[in-house]
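Just so you know, the protein sequences line up as chains A and F, in that order. Residues 1 to 700, numbered by UniProt numbering, are exactly what the first sequence covers, in order. Residues 1 to 78, numbered by UniProt numbering, are exactly what the second sequence covers, in order.
Don't read these hints as lab results, they were simulated from the structure. Misleading hints may appear alongside valid ones.
Derived BS3-like pairs: lysine-lysine, alpha-carbon spacing no greater than 27 Å straight-line [unchecked claim]:
id	chain 1	residue 1	chain 2	residue 2
1	F	K68	A	K266
2	A	K240	A	K224
3	A	K240	F	K78
4	F	K68	A	K269
5	A	K266	F	K46
6	A	K269	F	K17
7	A	K470	F	K68
8	F	K46	A	K488
9	A	K266	F	K17
10	A	K240	F	K17
11	A	K269	F	K46
12	A	K473	F	K68
13	A	K269	F	K78
Computed list of chain A residues with no C-beta within reach of chain F, every gap over 10 Å [stated by the list, open to error]:
id	residue
14	V30
15	A47
16	G155
17	I431
18	L690
All values derive from a computational prediction rather than experimental measurement. Glycine is no exception: its CB is placed at the ideal position from the N, C-alpha and C atoms.
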Amino acid sequence: MKKTIIALLGNPNVGKTSLFNRITKLNQHVGNYPGITVEKREGTVKANGKTYTVIDLPGTYTLFPTSLDEEIVFNSLADKQNPSYPDLVVVVAEPNNIKRSIVLYQQAREIGVPAIFVINMIDEVKSKGLEIDYPQLEAYLGTKVLTTDARNGKGIQTLIQSFDERPGHYFSRFETEATYSEALAETKKLFPLQTEYQSWQFLAQDHISFVSHEQRQRLIEIRKKYNMTGAELQKSESIKRNAAVAADLESIVFAKENKHVSSTNKIDKALLHPFWGYVIFFALLFLIFQLVFTLSAPIMDWIDENFAAFVDFTASALPAGPISDLITQGILAGIGGIVIFVPQIAILFLLVSFMEETGYMSRVVFLMDRWLRPYGLNGKSVIPLMSGVGCAVPAIMAARNIENSKERLITMLVTPFMTCAARLPIYVVLIALVIPNDTFLGFGLQGLVLNLLYILGVVAALVSAWVLSKIVKTTHKSFLIFELPSYKTPDWRNVGTNVWDKTSGFVFGAGKIILAMAVILWVLGSFGPGDRFSEAERYVTEANPGVAEEELGEEIASFKLEHSFLGYLGMGIEPIVAPLGYDWKMGIGLISSFAAREVFVGTMATVYSLGEDVDIEDDQQKETLLGKMKSEINRNTGQPAYNLASGVSLLLFYAFAMQCMSTIAIMKRETGSWKWTVIQTLMMTGVAYLIAFVVYQLMK
Amino acid sequence: MQKSFSLDGLNVGDVAKISDLNSMELPSKFFEMGLLPGCMVEVMHKAPFNGPIGLHLLSTNNLIAIRKSEAVHIFVEK
Numbered sequence: 001m002k003k004t005i006i007a008l009l010g011n012p013n014v015g016k017t018s019l020f021n022r023i024t025k026l027n028q029h030v031g032n033y034p035g036i037t038v039e040k041r042e043g044t045v046k047a048n049g050k051t052y053t054v055i056d057l058p059g060t061y062t063l064f065p066t067s068l069d070e071e072i073v074f075n076s077l078a079d080k081q082n083p084s085y086p087d088l089v090v091v092v093a094e095p096n097n098i099k100r101s102i103v104l105y106q107q108a109r110e111i112g113v114p115a116i117f118v119i120n121m122i123d124e125v126k127s128k129g130l131e132i133d134y135p136q137l138e139a140y141l142g143t144k145v146l147t148t149d150a151r152n153g154k155g156i157q158t159l160i161q162s163f164d165e166r167p168g169h170y171f172s173r174f175e176t177e178a179t180y181s182e183a184l185a186e187t188k189k190l191f192p193l194q195t196e197y198q199s200w201q202f203l204a205q206d207h208i209s210f211v212s213h214e215q216r217q218r219l220i221e222i223r224k225k226y227n228m229t230g231a232e233l234q235k236s237e238s239i240k241r242n243a244a245v246a247a248d249l250e251s252i253v254f255a256k257e258n259k260h261v262s263s264t265n266k267i268d269k270a271l272l273h274p275f276w277g278y279v280i281f282f283a284l285l286f287l288i289f290q291l292v293f294t295l296s297a298p299i300m301d302w303i304d305e306n307f308a309a310f311v312d313f314t315a316s317a318l319p320a321g322p323i324s325d326l327i328t329q330g331i332l333a334g335i336g337g338i339v340i341f342v343p344q345i346a347i348l349f350l351l352v353s354f355m356e357e358t359g360y361m362s363r364v365v366f367l368m369d370r371w372l373r374p375y376g377l378n379g380k381s382v383i384p385l386m387s388g389v390g391c392a393v394p395a396i397m398a399a400r401n402i403e404n405s406k407e408r409l410i411t412m413l414v415t416p417f418m419t420c421a422a423r424l425p426i427y428v429v430l431i432a433l434v435i436p437n438d439t440f441l442g443f444g445l446q447g448l449v450l451n452l453l454y455i456l457g458v459v460a461a462l463v464s465a466w467v468l469s470k471i472v473k474t475t476h477k478s479f480l481i482f483e484l485p486s487y488k489t490p491d492w493r494n495v496g497t498n499v500w501d502k503t504s505g506f507v508f509g510a511g512k513i514i515l516a517m518a519v520i521l522w523v524l525g526s527f528g529p530g531d532r533f534s535e536a537e538r539y540v541t542e543a544n545p546g547v548a549e550e551e552l553g554e555e556i557a558s559f560k561l562e563h564s565f566l567g568y569l570g571m572g573i574e575p576i577v578a579p580l581g582y583d584w585k586m587g588i589g590l591i592s593s594f595a596a597r598e599v600f601v602g603t604m605a606t607v608y609s610l611g612e613d614v615d616i617e618d619d620q621q622k623e624t625l626l627g628k629m630k631s632e633i634n635r636n637t638g639q640p641a642y643n644l645a646s647g648v649s650l651l652l653f654y655a656f657a658m659q660c661m662s663t664i665a666i667m668k669r670e671t672g673s674w675k676w677t678v679i680q681t682l683m684m685t686g687v688a689y690l691i692a693f694v695v696y697q698l699m700k
Numbered sequence: 001m002q003k004s005f006s007l008d009g010l011n012v013g014d015v016a017k018i019s020d021l022n023s024m025e026l027p028s029k030f031f032e033m034g035l036l037p038g039c040m041v042e043v044m045h046k047a048p049f050n051g052p053i054g055l056h057l058l059s060t061n062n063l064i065a066i067r068k069s070e071a072v073h074i075f076v077e078k
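Could you put the whole structure together from the sequences, leaning on the hints where they help?
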């Protein structure tokens, strides 16, 4: 049996998503429309003896698309072959903007889909000083008009029961201007099976994805012949429709004095102030990151401790052997690496969706757009970029709030350049190794270098955004028009759903890839070809007959790692990393830190036979590691392995390279394709290699 | 006296009537969001250094924001 599809259509900020959450409860999932970075929200609801599929279409003001999101809406409604083509459209309006929603409703009806009309946030009708004549409105629209309030659930059941409603024939209220009638008649011949309005839509749009090549050519010819542009037709329709609806509504919706924006205007006086607005915003941003870090730190420590205890327990419960190692050091370690991110993601999204829900996010765009636009980014990019200082994984997810798909993609591509928390231990170790502990203009040189690396991250993000904005193609012109919605108390149900969506999306979506990579890296580090790996103990004792008992284990671990697949890989890539000033031991560090940058320190400790549990915050252990690393000689150059040139080169490599499989996994999930994920990895690692190479060659 | 000039010339607090929009430069979304000829607008906010402009559409009672680069294609009269 064919499933019944109900599509929710409406302007942004009408509470469409709240309504969707109310209807589908948690029977919903968020995915991507195939091949593109537009979020697809789909859910189900059982009622009237059947199961309906409910689709929350992206918010739009018109069926003429100006962004990828809006193109989804048009394609879903205008193309009968589209898998999302609905059996019934529910046009969602809110009391203050009924006119705009009616325009959208008319377009939907005239293009040929049945629709009912819902006025959401109905509780605001009184406070907004409105009176609506419902029977008149129903007669005018030629369909059923329902009222709901998604915040308290009012009217939701009636709405669900009306999903079988199919309004009768619709008489178009839109007459095209006489000057276009000949062109329209010609277009109609091209699409004999479509409604007249659909032909008009085809004529008025420059990029229609689902018509044949010949039809597209013919449309271009017709536009040329009559010397008209799509934009001109769209404008003519908008003006005619808006004027007509405004006049018709005068006898249906009565507006008395309307007060709702006056309190919003008062708040905006402060929040959008040319000076204080920025002060407040940055204070808020500071607060958010403080909260993300301070609130999540104890939870993360708790997870870390208990997970470690759990791993130990599992290890002791299982018979020792490769299976036990695979489970504890491969799979469980991988899962631990996923779970550890959950507190940060949940807290960040709690705060971000709080900003969205109250309406503050639009103000952020207003304040920041000017500063990010020159780099091809959007005002909203500021949240992902700043979050990137903590961790790129939740930061990339935060880019979902950017509507323009090109700006969203670029934001995601450049966010990992920001200096994340995982780079810090590497920076600390390397700076301590190669940067002299001097002062420069009264400041500690080591601290200055660390600051410089953070600034470098920001510069790299902005410069690459600028370059990418010249390369990434878009069929939609860049422009910005957005509503500053009136301030509201957040709908906690939406906040909760949002946090759950993001967190579970990370755990189950990106988690799979992280887990797979963790297991692969474990296998590479735990197995090796030949007897040098399997009989490491014999080789080590033969080479160092007098070695002390406690050092033997660490020597063996080091020897094993050297002769594991990972070790051979490290030696294999030595010719590639040698021009950057690295030896094969650093090569191993590079490969294994691909799991996560912080692994670098642990791997280096194993390579230098210190046991992997080096605590970088313990000064004595740090000194031991630093001492070992300092005395290390690069066997190719005969110089210390960590001299100034190779150290700076390594620092720069870590500053730019995509050394994080969690980021790769989340990019794959968020862009829905490997294409951009691979491009990003190649771009970042390529830039890192180039810069490290140039700097090393100049400094050595 | 009525004089038509582009919307970015207005200062915060000014009220003006939209007389025309350049449809070659502006997508239809601008019309759909309520920037239509005849509509009264009040400039509420201007972000510093030629940042976005915040408008109160008096006829429909909405607050919207646009960039300066698009405001130059909207013509108003005082």
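Evaluated hints:
1. F:K68 - A:K266: holds, 23 Å
2. A:K240 - A:K224: Holds, at roughly 23 Å.
3. A:K240 - F:K78: Holds, because 24 Å separates the two Cα atoms, which is no more than 27 Å.
4. F:K68 - A:K269: Within the cut-off at roughly 20 Å; holds.
5. A:K266 - F:K46: Distance ~15 Å between A:K266 and F:K46 Cα, so the pair holds.
6. A:K269 - F:K17: holds, 23 Å
7. A:K470 - F:K68: With Cα atoms ~21 Å apart, A:K470 and F:K68 stay inside 27 Å; holds.
8. F:K46 - A:K488: Within the cut-off at roughly 23 Å; holds.
9. A:K266 - F:K17: holds, 23 Å
10. A:K240 - F:K17: OK: A:K240 and F:K17 at ~18 Å, within 27 Å.
11. A:K269 - F:K46: holds, 11 Å
12. A:K473 - F:K68: holds, 23 Å
13. A:K269 - F:K78: holds, 24 Å
14. V30: Its Cβ never comes within 10 Å of chain F, the nearest being 25 Å, so this holds.
15. A47: Per Cβ check, A:A47 is outside 10 Å of chain F; nearest 33 Å; holds.
16. G155: Non-interface label on A:G155 holds, nearest chain F Cβ at 24 Å vs cutoff 10 Å.
17. I431: holds, 36 Å
18. L690: holds, 34 Å
Of the numbered hints given earlier, the model fails none.
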